[in-house]
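Chemist: Protein chains in written order, with our numbering: chain A, 1 to 317; chain B, 1 to 265.
Honestly, I wouldn't trust all of these hints.
Said to hold, decoys possible - To give a feel for the contact side, a few chain A residues facing chain B, derived at Cβ under 10 Å:
#	residue
1	Leu50
2	Pro64
3	Ser100
4	Asp249
No lab work stands behind these hints: they were computed from the structure. Backbone N, C-alpha and C define an ideal beta-carbon position, used for all residues, glycine too.
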Amino acid sequence: MIVARSLTKHYQRTVAVRDLSFDVRPGVVTGFLGPNGSGKSTTMRMIMGLDVPTAGTALVHGRPYAELEWPLREVGALLDARAFHPGRSGRDHLRILARSNDIPLRRVDEVLDIVGLGSVAQQRAGRYSLGMGQRLGIAAALLGDPGVLLFDEPVNGLDPEGIRWVRHLLRSLAQEGRTVFVSSHLIAEMSLTAQRLVVIGRGTLIAETTVDEFVSRSATKFVRVVTPAAAEFADALRGTGATVRVDDDGAVLVDGLTSADVGRFAAHRDFTLFELTPVQASLEDAFMELTNAAVEFRAGEPAVAMATSSTTTKENA
Amino acid sequence: MTTLVTLEARRTGYGLRQAVRAEALKLATLRSTLWTIAATVLGVALVTVLVTNSASHHPRNWYGGWWDPTNEALGGLIIATLSIGFLGVLVASGEYGTGTIRSSLAAIPRRPVLLGAKAAVVGGLTLALGEVLAFACFGIGQAVLAAGGAPTASLGQTGVLRAVLLSGVFLSMLALLGLGIGVVVRHTAGALATYAGVTFLVPLLLSRVGGNPGRYTPVPLLNNSIGAVVNQPDQVPVLLAVALMTGYCAVALALAAASILRRDA
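Throw the hints in and build the complete structure from the sequences for me.
Modeler: The following block contains the structure:
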């Protein structure tokens, strides 16, 4: 269980995170979603006690990170892929971490096997590819067999096989009853991995919900109809008060009616339909819709300073 | 204070013991540590031979009031004042530069414990190295001087053992000074430059000022006071020299503690 309450972080004149409160529960993968620069990494560093919040608290198991008795046995974290010395072997990096928290040495070889680095464990970590570095970071997170896991952009630099592996790993860790908190700016990836979501934009909370709820909340849901008489069908539908658009490729897009309603209407008026498809918004659509105004670095717009941003962000939240 | 101590004793979980064991393994698993030590030993031996050999060819100095065979031999430690200080700097700046500091603080989040463990390991290793170097310097130096026919010193003479022992201690204090600078400056290049500036450039600049305040800085204190048996020009009393160096270390480590506690990692 991770609990954030009114987390706020100022860097000189910019606000990285503002009044952020959320819970991360055990047993499910919670995705931490937001555009680049929205404060995800800063939030994770505050949970880990690496950055001191300007205001607010972040608690793990009800305690600040710094008060944990055996931190690596309670929390595992992959915060950045290169948090190791390039001159040291991957195995030595893990041996050092194991010693610091009285973790038995055999666990080092166990996690090296889990992440598939067993064969290169004796090589200097500086020679590792980005993906191998990521795997070493994941091994370090798993080292203490912790109940709480944080991963910041874990699939960065991984090949497709590695990405699938991480997806499985995160889900199985959650199924074992652990608290799993994963940040990503890759929305499609999140929709495959996470069950719950904490969505932020410009350092403020946009949504804390399940993936399903987040998607269904989005307004972009419509019925796509392909018919040889597109123009007439659209006009007829408009007569009923529905919102109708005709797509570039001639498909009719109907808002505000279910596919059953549209099908019955077509049968009733003798329209021939080639295609009748209810189109659900993707997580990506929902995300874009909700964060559109909250994106930190829109083209032509400078990063917002503290003095001016409070009003704009409130409107979006 | 008593409450603090009992609280600490009752606390379960990791502590200084685990942190020290991890820090020791960190040093042992980096090739740069071994290279630095090897280069220091060779460099010190070489410079000691050169310095004492040169002195043994200038018989006119042997019978002046300032002839100090102990001080001549310990002159070889000048190389170690730089490399051992760098060792201290790198223990800290190497972690900040590579991002390892975030792994370290995730494992040991109580920052004074991490800094204390680093100081203990750096101090312990360099104390052992410093003593080995100081005694080796003295032995090699006296052998070279004797071969050149110059008057030599022995450890049994008044003040000689003190000079050799304290020179080793001084080297480990220079490493702690470097560690403090490394934690505060964080960037390796900047921290190395700061250390070299404080230990070599500052005394050079200050030596041009009236009264030569440069003699109160770390390296001149080692060369002219700690490592001297016979009165040298610009000598500072030994007790004052030790007090000053302890003070410099304390200030550097206090700044490091403030920096590691207050700043984001």
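Chemist: Taking the hints in turn, state whether each one holds.
Modeler: Results of checking the hints against the structure:
no.	hint	verdict
1	Leu50	holds, 4 Å
2	Pro64	holds, 9 Å
3	Ser100	holds, 4 Å
4	Asp249	violated, 49 Å
Comparing the model with each numbered hint stated earlier shows that hint 4 is the single one that does not hold.
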